[in-house]
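The numbering of the sequence shown is numbering that gives the first Met the number 0, which starts it at 0 and goes up by one.
Calculated directly from the structure, the hints in this document are not laboratory data. All figures in this text were calculated on a predicted structure; none of them were measured in a lab. Do not take every clue at face value.
[To be verified] Each pair of labels, with its calculated beta carbon distance range:
{"no.": "1", "residue 1": "Lys80", "residue 2": "Glu207", "range": "35 to 41 Å"}
{"no.": "2", "residue 1": "Ser316", "residue 2": "His178", "range": "23 to 29 Å"}
{"no.": "3", "residue 1": "Thr283", "residue 2": "Lys179", "range": "31 to 37 Å"}
{"no.": "4", "residue 1": "Glu43", "residue 2": "Tyr273", "range": "33 to 39 Å"}
{"no.": "5", "residue 1": "Glu43", "residue 2": "His185", "range": "28 to 34 Å"}
{"no.": "6", "residue 1": "Asn197", "residue 2": "Gln16", "range": "17 to 23 Å"}
{"no.": "7", "residue 1": "Asp168", "residue 2": "Gly365", "range": "55 to 61 Å"}
{"no.": "8", "residue 1": "Pro221", "residue 2": "Asp168", "range": "40 to 46 Å"}
{"no.": "9", "residue 1": "Gln17", "residue 2": "Tyr322", "range": "36 to 42 Å"}
{"no.": "10", "residue 1": "Tyr322", "residue 2": "Lys171", "range": "52 to 58 Å"}
{"no.": "11", "residue 1": "Phe175", "residue 2": "Asp315", "range": "54 to 60 Å"}
{"no.": "12", "residue 1": "Thr283", "residue 2": "Lys80", "range": "21 to 27 Å"}
{"no.": "13", "residue 1": "Lys179", "residue 2": "Pro221", "range": "44 to 50 Å"}
From the three backbone atoms N, C-alpha and C, an ideal C-beta is built for every residue, glycine too.
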Amino acid sequence: MKRRLFPHQQEAVEFIQQRRFTLLADEMGLGKTLSALATTSPKEKTLVIAPKSLLYNWKNEIYQTHHIPNVQIVEAKIPPKIQYNGYILINYDILDRYIDSLIQWQPDTIIVDESHYIKNIKTRRTKMVLELANHTTARIICLTGTPLLSRVADLFPYFVLAGKLSPKDYLKYLNFFSHKEQKIIHHRAITQYTGIKNKDKLIAWLKEFTLRRKKKDIIDLPDMLETIHFLSHYKDYPEDISLKDIVKSVALASHVSHVRHTTALKKANDPLLYDLIDDMMEQTEKLVIFAHHKDVILTLADKLKQYNPQIILGSDSADNRNYAIKKFQEDPNTHILIISILAGGVGLNITNTSYAIFVEMDWTYGIMEQAKARLHRIGQKNTTHFYYVVYESSIDHLVAKAIVEKEQLTITLNEGIEA
0 MKRRLFPHQQ EAVEFIQQRR FTLLADEMGL GKTLSALATT SPKEKTLVIA PKSLLYNWKN
60 EIYQTHHIPN VQIVEAKIPP KIQYNGYILI NYDILDRYID SLIQWQPDTI IVDESHYIKN
120 IKTRRTKMVL ELANHTTARI ICLTGTPLLS RVADLFPYFV LAGKLSPKDY LKYLNFFSHK
180 EQKIIHHRAI TQYTGIKNKD KLIAWLKEFT LRRKKKDIID LPDMLETIHF LSHYKDYPED
240 ISLKDIVKSV ALASHVSHVR HTTALKKAND PLLYDLIDDM MEQTEKLVIF AHHKDVILTL
300 ADKLKQYNPQ IILGSDSADN RNYAIKKFQE DPNTHILIIS ILAGGVGLNI TNTSYAIFVE
360 MDWTYGIMEQ AKARLHRIGQ KNTTHFYYVV YESSIDHLVA KAIVEKEQLT ITLNEGIEA
(Lines of atoms letter the chains of each structure in order from A; the text may use other names.)
(Lines give C-alpha, C1' and ligand atoms only; values in the text may rest on other atoms or scores of the structure.)
Protein backbone atom coordinates (compact mmCIF):
# COMPACT_ATOMS: atom_id res chain seq x y z
CA MET A 0 0.00 0.00 0.00
CA LYS A 1 1.04 3.58 -0.72
CA ARG A 2 -0.89 5.16 2.17
CA ARG A 3 -0.62 5.09 5.92
CA LEU A 4 -3.57 3.94 8.01
CA PHE A 5 -4.68 5.65 11.19
CA PRO A 6 -4.99 3.26 14.16
CA HIS A 7 -8.79 3.23 13.94
CA GLN A 8 -8.53 2.28 10.25
CA GLN A 9 -6.14 -0.56 11.06
CA GLU A 10 -8.68 -1.76 13.61
CA ALA A 11 -11.32 -1.75 10.86
CA VAL A 12 -9.04 -3.76 8.56
CA GLU A 13 -8.53 -6.42 11.23
CA PHE A 14 -12.28 -6.52 11.93
CA ILE A 15 -13.05 -7.01 8.21
CA GLN A 16 -10.43 -9.70 7.73
CA GLN A 17 -11.99 -11.83 10.48
CA ARG A 18 -15.39 -12.03 8.76
CA ARG A 19 -16.96 -12.87 5.45
CA PHE A 20 -19.44 -10.00 5.87
CA THR A 21 -18.82 -6.62 7.53
CA LEU A 22 -20.99 -3.56 7.96
CA LEU A 23 -18.52 -0.70 8.45
CA ALA A 24 -20.75 2.10 9.71
CA ASP A 25 -18.28 4.70 10.97
CA GLU A 26 -19.40 8.30 10.91
CA MET A 27 -18.69 10.24 7.75
CA GLY A 28 -15.10 11.40 7.50
CA LEU A 29 -13.40 8.51 9.30
CA GLY A 30 -11.94 7.00 6.13
CA LYS A 31 -14.15 3.99 5.48
CA THR A 32 -13.06 3.88 1.82
CA LEU A 33 -9.38 3.48 2.67
CA SER A 34 -10.16 0.93 5.38
CA ALA A 35 -12.03 -1.21 2.85
CA LEU A 36 -9.39 -0.84 0.13
CA ALA A 37 -6.66 -1.83 2.57
CA THR A 38 -8.20 -5.31 2.70
CA THR A 39 -7.92 -5.71 -1.09
CA SER A 40 -5.04 -6.29 -3.49
CA PRO A 41 -4.53 -5.40 -7.18
CA LYS A 42 -3.64 -9.07 -7.68
CA GLU A 43 -7.16 -10.09 -6.65
CA LYS A 44 -10.61 -9.32 -8.07
CA THR A 45 -12.54 -6.56 -6.33
CA LEU A 46 -15.99 -5.29 -7.28
CA VAL A 47 -17.10 -1.89 -6.00
CA ILE A 48 -20.83 -1.08 -6.17
CA ALA A 49 -21.53 2.59 -5.52
CA PRO A 50 -23.75 5.50 -6.53
CA LYS A 51 -22.78 6.88 -9.92
CA SER A 52 -21.59 10.14 -8.35
CA LEU A 53 -18.88 8.28 -6.43
CA LEU A 54 -17.33 6.02 -9.08
CA TYR A 55 -14.54 8.38 -10.16
CA ASN A 56 -13.82 9.14 -6.53
CA TRP A 57 -13.32 5.41 -5.96
CA LYS A 58 -11.04 5.24 -9.00
CA ASN A 59 -8.87 8.00 -7.56
CA GLU A 60 -8.82 6.38 -4.10
CA ILE A 61 -7.68 3.07 -5.59
CA TYR A 62 -4.84 4.73 -7.51
CA GLN A 63 -3.74 6.56 -4.37
CA THR A 64 -3.85 3.39 -2.27
CA HIS A 65 -2.29 0.65 -4.40
CA HIS A 66 0.64 0.38 -6.80
CA ILE A 67 -0.28 -0.10 -10.49
CA PRO A 68 -3.91 -1.20 -10.03
CA ASN A 69 -6.07 -2.27 -12.94
CA VAL A 70 -9.29 -0.21 -12.65
CA GLN A 71 -12.33 -0.29 -14.91
CA ILE A 72 -15.49 1.77 -14.57
CA VAL A 73 -18.47 0.03 -16.14
CA GLU A 74 -20.46 2.54 -18.18
CA ALA A 75 -24.10 2.06 -19.09
CA LYS A 76 -23.58 1.86 -22.87
CA ILE A 77 -20.20 0.12 -22.90
CA PRO A 78 -20.01 -3.67 -22.40
CA PRO A 79 -17.48 -4.37 -19.65
CA LYS A 80 -14.23 -6.14 -20.38
CA ILE A 81 -14.05 -8.25 -17.27
CA GLN A 82 -10.40 -8.37 -16.24
CA TYR A 83 -8.78 -11.40 -14.67
CA ASN A 84 -7.81 -9.31 -11.68
CA GLY A 85 -8.10 -5.72 -10.52
CA TYR A 86 -11.00 -3.45 -9.69
CA ILE A 87 -14.37 -3.14 -11.41
CA LEU A 88 -16.53 -0.16 -10.44
CA ILE A 89 -20.25 -0.14 -11.22
CA ASN A 90 -23.21 1.93 -10.10
CA TYR A 91 -26.37 0.51 -8.58
CA ASP A 92 -28.63 1.54 -11.46
CA ILE A 93 -26.98 -0.68 -14.08
CA LEU A 94 -25.95 -3.58 -11.86
CA ASP A 95 -28.78 -5.77 -13.14
CA ARG A 96 -27.51 -5.50 -16.75
CA TYR A 97 -24.19 -7.13 -15.88
CA ILE A 98 -25.15 -9.42 -13.01
CA ASP A 99 -24.47 -12.63 -14.96
CA SER A 100 -21.03 -11.46 -16.12
CA LEU A 101 -20.10 -10.40 -12.61
CA ILE A 102 -21.22 -13.70 -11.11
CA GLN A 103 -19.15 -15.50 -13.73
CA TRP A 104 -16.16 -13.27 -12.86
CA GLN A 105 -16.35 -14.47 -9.22
CA PRO A 106 -14.85 -11.47 -7.37
CA ASP A 107 -12.77 -12.04 -4.26
CA THR A 108 -14.20 -8.97 -2.53
CA ILE A 109 -17.42 -7.01 -3.02
CA ILE A 110 -17.57 -3.50 -1.57
CA VAL A 111 -21.07 -2.02 -1.33
CA ASP A 112 -20.64 1.72 -0.81
CA GLU A 113 -23.41 3.93 0.64
CA SER A 114 -25.15 0.68 1.51
CA HIS A 115 -28.28 2.46 2.73
CA TYR A 116 -29.12 2.33 -0.98
CA ILE A 117 -30.04 -1.35 -0.46
CA LYS A 118 -32.16 -0.92 2.68
CA ASN A 119 -35.39 -1.83 0.86
CA ILE A 120 -35.54 -5.57 0.29
CA LYS A 121 -38.12 -5.08 -2.48
CA THR A 122 -36.05 -2.88 -4.81
CA ARG A 123 -34.26 -4.19 -7.86
CA ARG A 124 -30.87 -2.92 -6.72
CA THR A 125 -31.14 -4.73 -3.38
CA LYS A 126 -32.19 -7.98 -5.05
CA MET A 127 -29.21 -7.76 -7.41
CA VAL A 128 -26.71 -7.25 -4.58
CA LEU A 129 -28.19 -10.18 -2.66
CA GLU A 130 -28.15 -12.39 -5.75
CA LEU A 131 -24.53 -11.52 -6.43
CA ALA A 132 -23.57 -12.30 -2.84
CA ASN A 133 -25.50 -15.58 -2.94
CA HIS A 134 -23.69 -16.78 -6.07
CA THR A 135 -20.14 -15.92 -5.02
CA THR A 136 -17.82 -16.73 -2.15
CA ALA A 137 -16.56 -13.16 -1.99
CA ARG A 138 -15.87 -11.24 1.18
CA ILE A 139 -18.56 -8.55 1.39
CA ILE A 140 -18.01 -5.11 2.91
CA CYS A 141 -20.91 -2.68 3.27
CA LEU A 142 -20.03 0.97 3.93
CA THR A 143 -22.42 3.59 5.29
CA GLY A 144 -22.12 6.59 7.55
CA THR A 145 -25.83 6.95 8.16
CA PRO A 146 -27.37 5.98 11.51
CA LEU A 147 -27.69 2.24 11.78
CA LEU A 148 -31.30 2.12 12.83
CA SER A 149 -34.10 4.23 11.39
CA ARG A 150 -36.52 1.38 10.70
CA VAL A 151 -36.00 -2.22 11.65
CA ALA A 152 -36.89 -3.21 8.09
CA ASP A 153 -33.88 -1.26 6.75
CA LEU A 154 -31.47 -3.62 8.49
CA PHE A 155 -32.89 -6.83 7.05
CA PRO A 156 -30.64 -6.97 3.93
CA TYR A 157 -27.56 -6.91 6.17
CA PHE A 158 -28.70 -10.03 8.00
CA VAL A 159 -29.23 -11.75 4.65
CA LEU A 160 -25.73 -10.76 3.50
CA ALA A 161 -24.36 -12.01 6.83
CA GLY A 162 -26.02 -15.38 6.27
CA LYS A 163 -28.18 -15.19 9.40
CA LEU A 164 -31.44 -14.98 7.43
CA SER A 165 -32.71 -15.61 3.93
CA PRO A 166 -34.99 -13.31 1.89
CA LYS A 167 -37.98 -15.55 2.64
CA ASP A 168 -37.58 -14.75 6.37
CA TYR A 169 -38.60 -11.10 5.89
CA LEU A 170 -42.06 -11.20 7.49
CA LYS A 171 -40.83 -13.46 10.29
CA TYR A 172 -38.06 -10.94 10.94
CA LEU A 173 -40.49 -7.97 11.00
CA ASN A 174 -42.89 -9.74 13.33
CA PHE A 175 -40.10 -10.63 15.74
CA PHE A 176 -38.37 -7.23 15.85
CA SER A 177 -41.22 -4.76 15.11
CA HIS A 178 -44.68 -3.95 16.42
CA LYS A 179 -47.41 -4.97 14.01
CA GLU A 180 -50.35 -2.60 13.48
CA GLN A 181 -53.46 -2.89 11.34
CA LYS A 182 -54.82 0.35 9.88
CA ILE A 183 -57.67 1.19 7.52
CA ILE A 184 -56.53 3.56 4.79
CA HIS A 185 -59.00 4.48 2.02
CA HIS A 186 -61.20 1.56 3.08
CA ARG A 187 -58.31 -0.88 2.79
CA ALA A 188 -56.69 -2.85 5.61
CA ILE A 189 -52.98 -2.02 5.74
CA THR A 190 -50.39 -3.79 7.89
CA GLN A 191 -47.65 -1.55 9.24
CA TYR A 192 -44.55 -2.46 11.21
CA THR A 193 -43.28 0.23 13.56
CA GLY A 194 -40.89 0.67 16.45
CA ILE A 195 -38.68 -2.05 17.83
CA LYS A 196 -39.02 -5.03 20.14
CA ASN A 197 -36.53 -7.65 21.24
CA LYS A 198 -33.99 -4.84 21.04
CA ASP A 199 -31.21 -6.64 22.91
CA LYS A 200 -31.24 -9.55 20.51
CA LEU A 201 -31.24 -7.24 17.47
CA ILE A 202 -28.24 -5.35 18.83
CA ALA A 203 -26.44 -8.59 19.63
CA TRP A 204 -26.98 -9.77 16.05
CA LEU A 205 -25.70 -6.48 14.66
CA LYS A 206 -22.57 -6.55 16.78
CA GLU A 207 -21.53 -9.82 15.18
CA PHE A 208 -20.66 -8.02 11.93
CA THR A 209 -20.93 -4.26 12.55
CA LEU A 210 -18.22 -1.78 13.43
CA ARG A 211 -19.28 1.81 14.15
CA ARG A 212 -17.18 4.63 15.63
CA LYS A 213 -17.93 8.31 16.08
CA LYS A 214 -15.50 11.10 15.30
CA LYS A 215 -15.58 12.36 18.86
CA ASP A 216 -14.24 9.00 20.04
CA ILE A 217 -11.30 8.87 17.59
CA ILE A 218 -8.35 10.67 19.10
CA ASP A 219 -5.92 10.22 16.20
CA LEU A 220 -7.84 12.27 13.62
CA PRO A 221 -6.25 15.48 12.32
CA ASP A 222 -8.17 18.70 12.88
CA MET A 223 -8.76 19.12 9.13
CA LEU A 224 -9.23 16.67 6.25
CA GLU A 225 -9.24 17.67 2.57
CA THR A 226 -10.60 15.44 -0.19
CA ILE A 227 -10.76 15.79 -3.96
CA HIS A 228 -14.13 14.44 -5.09
CA PHE A 229 -14.46 13.46 -8.75
CA LEU A 230 -17.84 13.72 -10.48
CA SER A 231 -16.71 12.15 -13.78
CA HIS A 232 -14.12 12.62 -16.53
CA TYR A 233 -14.19 15.91 -18.45
CA LYS A 234 -11.18 17.55 -20.08
CA ASP A 235 -11.82 21.27 -20.43
CA TYR A 236 -8.56 22.39 -22.05
CA PRO A 237 -7.21 21.71 -25.59
CA GLU A 238 -5.33 18.51 -26.28
CA ASP A 239 -2.28 20.42 -27.54
CA ILE A 240 -1.90 22.39 -24.28
CA SER A 241 -0.38 20.68 -21.27
CA LEU A 242 -1.20 21.41 -17.67
CA LYS A 243 2.31 22.77 -17.30
CA ASP A 244 1.58 25.27 -20.08
CA ILE A 245 -1.58 26.39 -18.31
CA VAL A 246 0.24 26.93 -15.05
CA LYS A 247 3.10 28.94 -16.55
CA SER A 248 1.46 30.97 -19.30
CA VAL A 249 0.13 34.38 -18.36
CA ALA A 250 -1.20 34.71 -21.91
CA LEU A 251 -3.63 31.86 -21.22
CA ALA A 252 -5.04 33.51 -18.10
CA SER A 253 -8.13 35.02 -19.76
CA HIS A 254 -8.92 31.82 -21.62
CA VAL A 255 -8.46 29.73 -18.50
CA SER A 256 -10.79 32.00 -16.54
CA HIS A 257 -13.52 31.56 -19.18
CA VAL A 258 -13.04 27.79 -19.28
CA ARG A 259 -13.24 27.44 -15.52
CA HIS A 260 -16.46 29.50 -15.42
CA THR A 261 -18.01 27.26 -18.10
CA THR A 262 -16.91 24.15 -16.22
CA ALA A 263 -18.33 25.53 -12.97
CA LEU A 264 -21.72 26.03 -14.62
CA LYS A 265 -21.51 22.47 -15.94
CA LYS A 266 -20.91 21.25 -12.37
CA ALA A 267 -23.78 23.36 -11.04
CA ASN A 268 -26.11 21.63 -13.51
CA ASP A 269 -24.68 18.13 -13.09
CA PRO A 270 -27.03 15.65 -11.35
CA LEU A 271 -23.96 13.88 -9.94
CA LEU A 272 -23.18 16.95 -7.81
CA TYR A 273 -26.64 16.84 -6.28
CA ASP A 274 -26.36 13.10 -5.69
CA LEU A 275 -23.25 13.88 -3.65
CA ILE A 276 -24.98 16.67 -1.73
CA ASP A 277 -28.01 14.50 -1.00
CA ASP A 278 -25.73 11.76 0.32
CA MET A 279 -23.92 14.25 2.54
CA MET A 280 -27.20 15.64 3.86
CA GLU A 281 -28.08 12.12 4.97
CA GLN A 282 -25.17 12.38 7.37
CA THR A 283 -25.03 16.02 8.48
CA GLU A 284 -27.67 18.61 9.35
CA LYS A 285 -25.75 21.57 7.93
CA LEU A 286 -23.50 22.02 4.91
CA VAL A 287 -21.55 24.99 3.52
CA ILE A 288 -20.97 25.30 -0.23
CA PHE A 289 -18.38 27.68 -1.67
CA ALA A 290 -18.49 29.00 -5.23
CA HIS A 291 -17.23 32.08 -7.06
CA HIS A 292 -19.51 33.22 -9.89
CA LYS A 293 -22.93 34.70 -9.17
CA ASP A 294 -24.72 32.62 -11.81
CA VAL A 295 -23.18 29.45 -10.35
CA ILE A 296 -24.32 30.37 -6.83
CA LEU A 297 -27.85 31.19 -7.98
CA THR A 298 -28.07 27.92 -9.94
CA LEU A 299 -26.99 25.98 -6.86
CA ALA A 300 -29.56 27.79 -4.70
CA ASP A 301 -32.34 27.09 -7.17
CA LYS A 302 -31.55 23.37 -7.41
CA LEU A 303 -31.22 23.01 -3.63
CA LYS A 304 -34.53 24.62 -2.68
CA GLN A 305 -35.55 21.60 -0.62
CA TYR A 306 -32.79 22.45 1.85
CA ASN A 307 -33.96 26.07 2.27
CA PRO A 308 -30.52 27.49 1.40
CA GLN A 309 -29.17 30.88 2.35
CA ILE A 310 -26.71 32.65 0.04
CA ILE A 311 -24.01 35.26 0.51
CA LEU A 312 -22.91 37.19 -2.59
CA GLY A 313 -20.14 39.71 -3.00
CA SER A 314 -22.69 42.49 -3.47
CA ASP A 315 -24.56 41.74 -0.22
CA SER A 316 -24.58 44.28 2.57
CA ALA A 317 -23.22 43.44 6.01
CA ASP A 318 -26.80 43.20 7.31
CA ASN A 319 -27.73 40.67 4.62
CA ARG A 320 -24.66 38.59 5.37
CA ASN A 321 -25.38 38.59 9.08
CA TYR A 322 -29.00 37.59 8.41
CA ALA A 323 -27.90 34.65 6.21
CA ILE A 324 -25.41 33.44 8.83
CA LYS A 325 -27.98 33.79 11.63
CA LYS A 326 -30.55 31.78 9.65
CA PHE A 327 -28.01 29.07 8.91
CA GLN A 328 -26.76 28.93 12.48
CA GLU A 329 -30.12 29.04 14.24
CA ASP A 330 -32.93 27.95 11.90
CA PRO A 331 -33.33 24.13 12.00
CA ASN A 332 -35.03 24.25 8.59
CA THR A 333 -32.09 25.96 6.88
CA HIS A 334 -29.61 23.24 6.01
CA ILE A 335 -27.32 24.79 3.39
CA LEU A 336 -25.32 28.02 3.17
CA ILE A 337 -23.88 28.96 -0.24
CA ILE A 338 -21.07 31.49 -0.03
CA SER A 339 -19.10 33.48 -2.57
CA ILE A 340 -15.45 32.62 -1.86
CA LEU A 341 -14.38 36.26 -1.94
CA ALA A 342 -17.40 37.53 0.01
CA GLY A 343 -17.09 34.83 2.63
CA GLY A 344 -13.36 34.97 3.02
CA VAL A 345 -13.40 37.23 6.03
CA GLY A 346 -15.68 38.26 8.85
CA LEU A 347 -17.82 35.11 8.97
CA ASN A 348 -17.84 32.64 11.84
CA ILE A 349 -19.45 29.25 11.16
CA THR A 350 -19.19 26.62 13.89
CA ASN A 351 -22.40 24.59 13.61
CA THR A 352 -21.07 22.37 10.82
CA SER A 353 -17.74 20.79 9.99
CA TYR A 354 -18.53 19.96 6.35
CA ALA A 355 -17.96 22.15 3.29
CA ILE A 356 -17.89 21.68 -0.48
CA PHE A 357 -15.95 23.84 -2.92
CA VAL A 358 -17.76 23.79 -6.28
CA GLU A 359 -15.32 26.45 -7.45
CA MET A 360 -11.85 27.28 -6.16
CA ASP A 361 -9.65 30.33 -6.23
CA TRP A 362 -6.17 30.36 -7.74
CA THR A 363 -4.86 32.24 -4.73
CA TYR A 364 -3.80 30.01 -1.88
CA GLY A 365 -4.39 32.71 0.75
CA ILE A 366 -7.98 33.31 -0.36
CA MET A 367 -8.74 29.60 -0.12
CA GLU A 368 -7.20 29.49 3.34
CA GLN A 369 -9.36 32.43 4.41
CA ALA A 370 -12.50 30.69 3.12
CA LYS A 371 -11.67 27.47 4.96
CA ALA A 372 -11.00 29.47 8.12
CA ARG A 373 -14.71 30.33 8.28
CA LEU A 374 -15.29 26.76 9.55
CA HIS A 375 -11.85 25.67 10.70
CA ARG A 376 -11.47 28.08 13.61
CA ILE A 377 -11.60 28.44 17.38
CA GLY A 378 -14.98 27.13 18.52
CA GLN A 379 -15.02 24.31 15.98
CA LYS A 380 -15.05 21.12 18.04
CA ASN A 381 -14.96 18.57 15.24
CA THR A 382 -12.54 17.57 12.50
CA THR A 383 -13.37 19.85 9.56
CA HIS A 384 -13.93 18.20 6.18
CA PHE A 385 -13.42 20.07 2.91
CA TYR A 386 -14.43 18.48 -0.40
CA TYR A 387 -13.13 19.92 -3.69
CA VAL A 388 -15.55 18.86 -6.42
CA VAL A 389 -13.86 18.48 -9.81
CA TYR A 390 -13.98 16.66 -13.10
CA GLU A 391 -11.06 14.32 -13.66
CA SER A 392 -8.50 15.93 -16.04
CA SER A 393 -10.03 19.41 -15.76
CA ILE A 394 -8.12 22.57 -14.86
CA ASP A 395 -9.89 22.58 -11.50
CA HIS A 396 -8.42 19.13 -10.86
CA LEU A 397 -4.98 20.72 -11.03
CA VAL A 398 -6.01 23.52 -8.68
CA ALA A 399 -7.56 21.14 -6.16
CA LYS A 400 -4.49 18.93 -6.22
CA ALA A 401 -2.31 21.94 -5.49
CA ILE A 402 -4.52 22.99 -2.60
CA VAL A 403 -4.58 19.56 -1.01
CA GLU A 404 -0.91 18.82 -1.48
CA LYS A 405 0.18 22.35 -0.51
CA GLU A 406 3.10 22.17 -2.93
CA GLN A 407 5.12 24.97 -4.48
CA LEU A 408 2.75 24.74 -7.43
CA THR A 409 0.31 26.87 -5.42
CA ILE A 410 2.68 29.81 -5.57
CA THR A 411 3.31 29.20 -9.27
CA LEU A 412 -0.42 29.25 -9.96
CA ASN A 413 -0.79 32.51 -8.11
CA GLU A 414 2.09 34.20 -9.93
CA GLY A 415 1.24 32.81 -13.36
CA ILE A 416 -2.47 33.57 -13.45
CA GLU A 417 -2.76 36.75 -11.43
CA ALA A 418 0.34 38.57 -12.68
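Okay, the hints, checked on the actual structure:
1. Lys80 / Glu207: 35 to 41 Å: holds, 38 Å
2. Ser316 / His178: 23 to 29 Å: violated, 54 Å
3. Thr283 / Lys179: 31 to 37 Å: About 34 Å separates the Cβ atoms of Thr283 and Lys179, which means 31 to 37 Å holds.
4. Glu43 / Tyr273: 33 to 39 Å: At 34 Å between Cβs, range holds.
5. Glu43 / His185: 28 to 34 Å: Taking Cβ atoms as reference, Glu43 and His185 lie about 53 Å apart, which means the hint is violated.
6. Asn197 / Gln16: 17 to 23 Å: At roughly 30 Å between Cβ atoms, Gln16 and Asn197 fall outside 17 to 23 Å, so the hint is violated.
7. Asp168 / Gly365: 55 to 61 Å: holds, 59 Å
8. Pro221 / Asp168: 40 to 46 Å: Roughly 44 Å apart at Cβ, these two residues keep to the hinted range, so it holds.
9. Gln17 / Tyr322: 36 to 42 Å: Violated - the Cβ-Cβ distance for Gln17 and Tyr322, about 53 Å, lies outside 36 to 42 Å.
10. Tyr322 / Lys171: 52 to 58 Å: Distance hint for Tyr322, Lys171 holds at roughly 54 Å.
11. Phe175 / Asp315: 54 to 60 Å: Cβ of Phe175 to Cβ of Asp315: about 56 Å, so the range 54 to 60 Å holds.
12. Thr283 / Lys80: 21 to 27 Å: violated, 38 Å
13. Lys179 / Pro221: 44 to 50 Å: Hint holds: Cβ distance 48 Å, inside 44 to 50 Å.
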